[in-house]
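S.K.: Using the sequences and the hints given, assemble the complete structure.
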Amino acid sequence: MNPSAEQTGRDRSGRRVALSLACLLGVALLAPPPAARAGGVALPSRGIHATSMGGAFVAGAEGVNAFWYNPANLDESLVGAEAGLVRLSGAFTPSEGAQAGVRAESNGRLVPNPTLGLVLRLDDRFSVGAALYAPYAGFQRFDEGGSQRYALVESDETTLAYAAIGAAFRVGHFRVGATLQNVLGRVKQRVVVSGYSGLFGNAQDPELDILQEVDLRDQFTLTGNLGAAYDLGPVTFGASLQLPYKVAGKASLRVRLPSSVFFDNVTVEGDQAELSVPIPLMLRGGILVRATSRLKMEAALNFENWATQREIVIDAGKSITLRGVPGIGDYQLPPIRLDRRMKNTYSLHLGGDFEIIDGLHLRTGGYYEPSSFGDATYSVAQLDDRKLGLGFGASWDVGAFRLDLAASRVFGWTRVVSTSELRQINPTNPDQAAVVGNGRYETSYWVVGTGIQYKL
Amino acid sequence: MARYRHLTLALVPALALSACGEPLDTTRRSPERGTLGEEIFRLFHRDFEAEDPRRARGFEEAREDFVAAVDHVFPPGELAYAQDFLVKLLPLYDDGTFPQSTRLIAGLLERLSADGDALRGLAVIGNRAGYVERTREEALIRRIKDHPKYRDLAKAILRLQLDHDGLDGQGDADPNESNAMARLMKPLSKRLAELEISEDDERTLVLAANLLLREDERFRDPGGVQAEIVARDARGMAQVRALEAPFVDRDQDRLPDVDEEGRFVSEAGPLDVAPFGTEGPRDQRSRAVDARGQPIFEYIDVGQTLTASLLRDARRLSAADVPMRAVRTLETVLGERTPEGSFSAENSALLDLAHAMGQGLDVDELPELIGLARELVDGHEGATAWALLELEAQLDIAEGYDVNLRPNAEFFDDLMGVFRKVVEVPGLLESLLEAFEDPRVAKLPTVMAQLMRHKKEYVSDGDYFEETIFGEQVDRTQLDTLENQSLMQRLLHLMHDTRGKSYAPSNVQRILNLVPLGFGQLNDIRNFRIDDLAEFYLLAIIGEAEVPRGVSNAVNLMTRVPVIGIDYGLSQQPQPSELALFLNQDVGLLGNPVGNEGLAVRDNDGDTLFAASESPEAAPPWTREGSRENRLTVALYPLVRAFHAHGQLNLLMDLFEVLYQHWPTVEGGSYQDRSPREARYAQLSGLARFEPMLIDGFEKTKLLQAGQKLLREANGVALSGGRPAREVLAILVRKLLTIDLDLRTREGKREVLVDGARVTPLSPFDLARGALDELDRLVHRSPSTLEDWNALLDELHAVYLGTERTGPESARFANRRALPTAATLLEFLEERATKHKAALGLSRWITRDVVAQVEDLLTAPELPALLDVIHAIDEDATLKANLGELRDDLLDDARGLGDLLVTLGTGLSAAKDARYAVSVLRFFGRELDPDTKLLSTLAALTDKAVALDEDEHMLELLRRALDAPPRGGLYAYGLTDAIRQANRVDPLSTKNASSEDLAKISAAAARYMRDDQHGLEKFYEMVKNRTVEGRAR
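Protein sequence lines, in the order shown, are assigned to chains A and B.
For the first sequence, the numbering used here assigns the number 1 to the initial residue and increments by one for each residue that follows.
For the second sequence, the numbering used here assigns the number 10001 to the initial residue and increments by one for each residue that follows.
Hints listed in this document are in silico derivations from the structure and should not be mistaken for laboratory results.
Some clues are possibly wrong.
[To be verified] List of simulated lysine to any residue pairs, SDA-like, C-alpha gap at most 20 Å:
no., chain 1, residue 1, chain 2, residue 2
1, B, Lys10088, A, Thr321
2, B, Lys11018, A, Gln432
3, B, Lys10186, B, Gly10171
4, A, Lys318, B, Gly11030
5, A, Lys318, B, Ala11032
6, B, Lys10944, B, Arg10159
7, B, Lys11018, A, Asp330
8, B, Lys10088, A, Val266
M.R.: Written out as structure tokens, the structure is:
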């Protein structure tokens, strides 16, 4: 690196840096919900570069993806933009109930998951930056009358996006970094709940189906992550910690009442409920080895503390009331408890980057991540089965620009559940809610994306 | 900078686009709705279909009625209110009232489903389809629910139950609340639960049912309602007219065979022949007929049954407040309650009276006696009613006089003493009854009235011949002073004075004894002696007084000798008038007769013989011609003859003596009661005071003539054994009056108290007197009780004994149904007595069994509770008024009487069904025990619900459920039939429900009530969870 050139650059960028920071802060704190989406459980890799490396991107994280993977590596002035497409192919074939054997297939929308970022290296030791990004997750949308409906109808408008500002500090071979994240959360989910009271019909009686939509918009949740890296010759050690947080607030809760004559005179008053979705702590660690000047490889291990999510409660308090319930009149909607009982996950990532000619990098990698759900609570609400991901990608440096491409195939297993304890949601009669999790689940992902980066 | 801004701005639309989803369309997607009934049917049908398609198809069988029922009960405008009302009921879920109620009912149903006997009974009873004319089925229920005050009535009845169940609002015992209902239900339920009844046709229930359903067209008022039910045999089965095919009688019990399900059987199997209906051959009245067009069964027109008649009477009695008067009087008569709350049998005047009646009627001829009474009532209305009419007139007259005997007077005892002696003489009573029929006796009232109305200081022979005896009336403003005594009183004194007093012409006899000659006529004079002057006069009445020829000739000779001064002689068979003339002249030579008081008879009321004797020109009393004479001698002739025929003239004189003894008053001063040895001794009871009343009665009524007519007609009644009625009556009278040294009161005593005096030894009549005396004492305890008692008797008398004149000597019962009512009751009693006599148990039946039954009735623990409940009703103005209106409706021929009669008739008939009904009754007896709290809880629930139902729509819904659909029955049946059909063993069966079906249905119903997954308990949970606070409980 030419110090004079760098100096010149710094001089040139003085005002631009300030303006850019201000702009990024404004975007981060005031922007509308970003398009980046993720389910409660995202793929273990996100970002074009990281995806092509199989998510093995902790010690060697760079560019705008360093905001997520390891902010300690925010040490190069650049601005980057990426767009990823995550295609989740999910299907469910129940093994019991009125629709046993009827396969339901997800038809989730394919919407770009963008990443925007700016990093400014203020001097040799200190860098700052800001970014917008979101974890990669698939989107699901099923038929509302499908056999999966008691678990999920659609969730493809659920978004968790991070607007982050970060800073990194280098001391010799050691770097540390941190970001302050504002999570722009929107949890929107449609699911069919059962209006079966026990008195007539049955738990899976379509005439008693209630289509429920929960929509939580949480625009301001502060959290952050910390990262560290140490260069030891050709080896770099990296680690990062994503702090836990909750997406919480008043959610709107709207329903379409059942078609049964029982509900002919029933109306719903109120549509606000408290919802809190805990997002766990995540700990990542990686070792990057630069085997040659053109080849580098990284192995990473991610830990995600999903066990913290035992259940999700949608509590309307006294604010939502069913009016005109036959024989009862007013019926206050009780808290809806979603049984999660999630488990911590450990995912292993391996990846390599080989510069086959100057400026052209080919990358590949893979990972394995177990499911965060046991059979007892597994459902299409969160098709988080075991995952074996294989990623490929390339980068081409053209002057100050770098173009990135990545594709990933995530193989899921066909999962047959026969010991499900997951019951349909039945606000008025939870004891008689039917178990809806037994059956065969099929899950796989395709991830493709591209990005561009400009070195300032 | 511009580059960055453009980059940011380019991304924002992409973000917005991606975040834009379709809003949830909350519009319900419901299909086109049918009626409420159709929708509810569909709800259940889907469930049944999912559970068991056969069950669903069975339910489909009931679809039409089910849908119609729901739509009728919940018309569109009502549904919203029903919802509002149901919401108002929520507090009853919160306080446990609703759940407790359904749990209790569920318990009942569970026990029922396990009670094979009760289920069999119910199944059999259920097989009695078509036993009532279709248009009359459930008509009573509909009539009640259509009653204008139905709602008020229902609420008032609820309040009655709740205010007298002894429980507080939480169902715990409340010592401050009346527990009359509980006390009523407790023994009733126990009685039912422990019911043991045989299957024979001698059961009380069968007998009562048969009696109350006896038909007589006279029971129906003109234009009265007609309504038919089928007659039933002792098993409760429809009674066939002829035991012929297809019916069979394999067991040779002379009844058509039935199977275990209570169905008639033929050689081919069960027979399904509804007495009323539309299937099979029918006549115009929907009755089942055979191939010849003849009805297969016997039918009862309940409009002309005893029940109908009693109910028609009940309307009038109720309007006169007779029931409450009866209740109050009964309570007074029954006295204090025992610590256990029932009435004691000890010292019960009513039981004493029953005991007395039993003892008095303990004769072998009882069936004949009852038959005689029945014949007189039924076949001789004119005479019977006339006798009653005259008796009533007599009593009315008596009531107009405020007179009494002297306190502690023993007139009645003395009189009874004479009567007893009379009945003890074999044949005398029969002879007297026969003599009583003699037309001459009919003159007695007139004659006696004449004697009592008039006075005369001295009746001379001139008065006699000139017929001026009866010219001066007794001054009723004065007492019976010496100058103001009636001729009757003086005549009685004469009888007293001359009784036992002999007479002989002693002066002449002494002279003749000096003459040593002896021949027939002279000896006649020497030996002539009248041993008893009074008796001699009575003998003269019947031509049995004899004067020896010598004496007669001598006396007659003397009349021709002026110096002797005898004006009137004596024939050898002197008439009373001769004796009157003879005794009232100075026969100084012969010696004037002197009475017991030492005075010449003619100076000591002997002149009253003129007033008693026939007129000079009249033929002797013992001749037909003479009988036309209105004189005492003529009127007494048949009686004197009867006494004389049995050598018992002394008893007649005893009777006169009793009258004499008790006739004078103390105040009159012409008699004394100090010493029997002194003249004019009498007991001074004061019968003289009654003279005006007696005169009035004798002159204005024809009681005696009516009695004669009745007796004559009675003698025309053909009794078994060919005995005349008077003989049978005499047996009864003798039984009643004869002292029986073994006779005891119920307590084993040999004495009773009458007017404070001991009476012992006893006759049945004395027992009755003792009981009646006690009864009288009790009803006189307070003016109100006395008023009740009198009004009660008056009204009962007016209804059942009221008469109206149809001719000079005839009458009829004003209530045209009184006669057949009495006749029917008497016929029933006659049959019972005859049966017991044939079984050699008549005496035990009448003296012990009947009394025991009465005792059971009066000492039953139900009775005081029932009275308390009646009082409670009476004190509840609303309930009383509403019940009164309903009563008037139900007892009106033009309105509800037909429906009421059909229901009662059916109930009575069904009650015969001992073999099966007993198990059902036992079951419900156990369930209705107040300890189960079933009734009180349900009443509390209903009461609270009604209280929450400001517009009383719940009662309106109930009322609509009881409406009749076009096909008959009740709309409510549309619901119950659907439940039955869907839950029976074979839902596709169209037969009546078997016991197995009922077990399954009741178990299913219980299960639904207890089910916390799909039944009511689940709903309760929903209700509890309807609020946050509820869920937290």
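S.K.: Look at each hint and say if it fits the structure.
M.R.: Hints versus structure:
1. Lys10088/B <-> Thr321/A: Roughly 17 Å separates the two Cα atoms, so the pair holds.
2. Lys11018/B <-> Gln432/A: The given pair, whose Cα atoms are some 10 Å apart, holds under the 20 Å limit.
3. Lys10186/B <-> Gly10171/B: 16 Å, holds
4. Lys318/A <-> Gly11030/B: With Cα atoms ~12 Å apart, Lys318/A and Gly11030/B stay inside 20 Å; holds.
5. Lys318/A <-> Ala11032/B: Given that 20 Å is the threshold and the Cα spacing comes to 13 Å, the pair holds.
6. Lys10944/B <-> Arg10159/B: Since the Cα atoms of Lys10944/B and Arg10159/B sit roughly 10 Å apart, the hinted pair holds (cutoff 20 Å).
7. Lys11018/B <-> Asp330/A: 17 Å, holds
8. Lys10088/B <-> Val266/A: 17 Å, holds
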